[in-house]
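Enquirer: Okay, here's what each chain looks like letter by letter:
2 protein chains.
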Amino acid sequence: MDHPENEDIYKGLKVNKGVREVPSVSPYLKKRIKRRDYTPAEFTEGILEGNITILSQAVTLVESAKHEHQQMAQEIIERCLPYAGKSVRIGITGVPGAGKSTSIDSFGMHLIKEGRKLAVLAIDPSSERSKGSILGDKTRMEALSREKNAFIRPSPSAGSLGGVARKTRETIVLCEAAGFDTVFVETVGVGQSETAVHSMVDFFLLIQLAGTGDELQGIKRGIMEMADGIIINKADGDNVDKARLAASQFKNALHLFPPAESGWFPKVLTYSGYYNIGIKQIWDMVAEYVRFTKDNGYFDFKRNEQAKYWMYESINETLKDSFYNNKAVTAILSQTENQVLSNEISSFVAAKRMIDTYLANLSGK
Amino acid sequence: MDHPENEDIYKGLKVNKGVREVPSVSPYLKKRIKRRDYTPAEFTEGILEGNITILSQAVTLVESAKHEHQQMAQEIIERCLPYAGKSVRIGITGVPGAGKSTSIDSFGMHLIKEGRKLAVLAIDPSSERSKGSILGDKTRMEALSREKNAFIRPSPSAGSLGGVARKTRETIVLCEAAGFDTVFVETVGVGQSETAVHSMVDFFLLIQLAGTGDELQGIKRGIMEMADGIIINKADGDNVDKARLAASQFKNALHLFPPAESGWFPKVLTYSGYYNIGIKQIWDMVAEYVRFTKDNGYFDFKRNEQAKYWMYESINETLKDSFYNNKAVTAILSQTENQVLSNEISSFVAAKRMIDTYLANLSGK
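Protein chains in written order, with my numbering: chain Z, 1 to 365; chain A, 1 to 365.
Be aware that one or more of the hints could be misleading.
One copy or two, it doesn't matter: identical chains are merged, so the pair holds either way.
Claimed, not checked - No farther apart than 25 Å at their CA atoms in a straight line, the calculated lysine to any residue pairs in the SDA-like style are these:
#1 LYS352 with ARG140
#2 LYS308 with GLY115
#3 LYS308 with GLN71
#4 LYS113 with GLU147
#5 LYS86 with ARG303
#6 LYS86 with SER322
Source of the hints: derived by calculation from the structure; they are not laboratory data.
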């Protein structure tokens with residue numbers, strides 16, 4: 001009914017049906033930006049006032065692929081930066097089926113009741129999200145989605161992991177400037193995205209299920225060692241003993257890991273997202289971590305390291321993009337790769353050959 | 001006595017003592033290459049005949065920073081490639097004090113006695129190795145260093161991890177062409193080098209010590225999950241029970257990890273490098289792994305993935321080198337980094353600014 005394209009199609013009898021362009025950005029985006037052309041200063045003002053509509057529109061600019069939207073987004077971010085950085089950023093991961101949405105709903109509601117303002121963001125580079133899944137996301141977090149102090153935003157739509165992660169990181173800045181003092185960044189624990197999430201949050205939370213077999217199949221190797229806290233879900237009813245057993249197994253395993261750089265020893269808790277049991281303890285754990293790392297200086301150290309990491313990551317991503325989208329390079333890439341695989345040339349000679357091609361092409365030779 | 005510079009200095013009374021240049025490469029290298037200027041074809045022929053002197057000289061070319069040496073090295077590698085790839089490549093890591101050298105000595109001697117030919121290489125990007133430490137390395141492996149079927153070569157001297165790792169990878173090719181059917185790549189388990197080693201070997205072996213506390217301090221997080229086998233050293237005398245306990249703890253912990261891509265479940269063994277106990281079992285484990293992964297196709301799959309990885313890794317390293325050594329970039333790098341750290345500009349704007357500077361400089365604008 002409120003789909004903007006419908007307006008074009010059913011405007012009356014005089015509609016001239018020509019060849020219709022496929023919209024390059026969401027028609028919603030076009031509509032919103034046309035509706036009111038804010039300046040970056042106005043956007044920033046609205047964000048600082050905590051205006052959620054304006055915040056959403058600014059995030060849409062951050063997510064847009066259009067050059068002029070990106071320019072505006074960067075200006076807004078630059079203006080918001082001095083007001084950002086004051087939240088506690090928590091990464092949350094777990095395989096599908098671990099009960100992430102229910103957990104975030106319960107955990108988030110606990111924070112809202114404590115008087116906090118919560119932004120829930122996500123990184124999910126593989127999925128192509130549409131309007132539908134935005135609603136889906138909100139439905140997944142039933143209680144939270146009705147709270148005015150909660151801002152739920154799904155993952156930026158498809159793109160490279162680097163691109164999607166950058167957009168989420170920039171959205172954190174805007175949310176913090178808008179007064180959100182807690183940020184969740186959710187991801188599915190099956191791909192490369194955990195490392196990206198880990199590099200933008202203060203605390204990394206891994207949701208697990210009781211049991212030591214199939215439940216772990218989906219989780220990628222290496223993730224357990226990134227966790228500052230492991231929480232075992234569905235510790236309710238008949239499952240309590242199993243969850244406790246799992247918790248003690250995880251605790252033992254963590255003792256075999258070398259200590260984290262933060263000096264923090266990861267905690268293992270059991271809880272039930274569905275029955276709202278043990279939720280307070282999760283937040284207490286995060287709060288204790290924040291106190292602990294602020295005291296020993298690791299909190300600020302990590303934030304600085306992350307800012308640098310993202311700068312260098314952006315540089316590397318851009319360099320790679322420039323290389324792999326270069327026509328002279330793409331013309332010989334797969335052929336060269338095959339020569340490496342059939343042992344005709346070494347990996348290094350192959351690389352050098354393509355780099356030479358690239359640089360010659362860049363300098364117009 | 002056979003120091004080449006002595007020849008210049010003490011040649012007779014007519015020596016003209018001018019300002020002497022500091023040698024940019026090892027004087028040994030100069031001498032060897034001068035002594036007999038092999039062509040790449042001759043080098044390759046010598047290597048294929050298993051001539052260790054010629055192999056050593058070729059490795060020296062691989063390690064040289066000189067452009068003409070590099071060119072020759074690449075030609076030799078290209079000629080050797082069809083004869084390479086037939087060894088079992090084993091990565092070995094462990095913190096200093098875990099008994100790596102003694103273990104490699106015992107493990108290696110077992111292989112020599114089985115009729116195998118063993119090359120022992122290393123990756124150690126942080127150290128600046130000199131002639132002294134080559135001898136040091138050989139002394140560390142007392143028995144092996146006397147065996148004609150063992151070729152021990154220390155880590156290429158200082159350079160970036162990427163550079164050092166590439167040289168080691170290329171040295172593997174030459175050793176394999178020379179008929180070595182087993183290659184050890186050793187590294188100290190404290191830095192970034194394990195990932196590099198992991199990406200050039202078939203089997204990754206982690207040496208641990210009994211105990212669950214301080215001994216682990218040095219091992220980097222994430223390494224345990226890369227291991228195909230964990231071997232607990234010093235399982236001798238009073239220490240046997242402690243080592244067995246540690247082994248069972250590691251076994252339990254590994255059960256909490258998700259299964260490896262290879263389908264192989266990592267084994268945990270106890271042994272004594274010093275007293276030569278349990279060494280055969282280590283090789284049996286590796287052999288079982290090789291059979292298992294050759295049967296399920298993972299062995300070849302991984303080799304191909306590694307070849308591609310190194311091609312793309314070389315490309316990325318070269319792109320980064322070109323960027324970070326660009327004068328226009330270095331002129332603004334630290335200033336821009338500071339602006340990011342003080343929240344003046346976003347990481348992305350900083351990155352974009354530097355990329356623009358770089359590309360403008362490249363195309364001569």
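Enquirer: Now, for every hint given, state plainly whether the structure supports it.
Expert: Results for each hint:
1. In this homomeric assembly, LYS352 and ARG140 never come within 25 Å of each other (Cα to Cα): the closest approach is 49 Å inside a single copy and 37 Å across copies.
2. Taking CA atoms no more than 25 Å apart as the test, LYS308 paired with GLY115 passes in neither setting, with 32 Å inside one copy and 52 Å between copies.
3. Taking the closest pair of Cα atoms, LYS308 and GLN71 come within 25 Å of each other only inside a single copy of the chain (21 Å); across copies the shortest separation is 36 Å, beyond that limit.
4. When the C-alpha separation of LYS113 and GLU147 is checked against a cutoff of 25 Å, the pair qualifies only within one copy, where the shortest distance is 10 Å, while the shortest distance between copies is 73 Å.
5. Taking identical chains as interchangeable, the C-alpha atoms of LYS86 and ARG303 lie at most 25 Å apart only when both belong to the same chain, with a minimum of 11 Å there against 47 Å between chains.
6. Taking the shortest Cα distances, LYS86 and SER322 never come within 25 Å of each other, neither inside one copy (35 Å) nor across copies (37 Å).
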